[in-house]
Amino acid sequence: MNTSTNFESFRLQALIEGFDEALEREWPPLTLLDMHTHPFAAKAVVTRGEMWLTVGDLTRQLRPGDTFEIERDVPHAERYGAEGATYWVARRKD
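Per our numbering, the very first residue in the sequence shown carries number 54; after that it's consecutive.
Bear in mind the hints are in silico, worked out from the structure with no lab data behind them.
In silico SDA-like links for lysine to any residue, alpha-carbon gap of 25 Å or less:
| id | residue 1 | residue 2 |
| --- | --- | --- |
| 1 | K146 | E124 |
| 2 | K146 | I69 |
| 3 | K146 | W80 |
| 4 | K146 | E122 |
Kindly produce the complete structure, drawing on both the sequences and the hints.
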């Protein structure tokens, strides 16, 4: 999964890999999401802007082309940069 593909290619690859759905998420500038969980596993690629993802004691800065994965029910926090951010995300509800 990378930004050189289009969203439809990303979505089709996600379905082949066993994900239930894929969507594009856009976050406004300077959004902060405190520690939370999701009832699904996620695999994503950042396509615009920048964000920081914190899982446990590790915080990663993510920019276009960077990918991340989070398993179901794993606590994490998200922070979005001055331009906000967009990413394509595949979700698997297991």
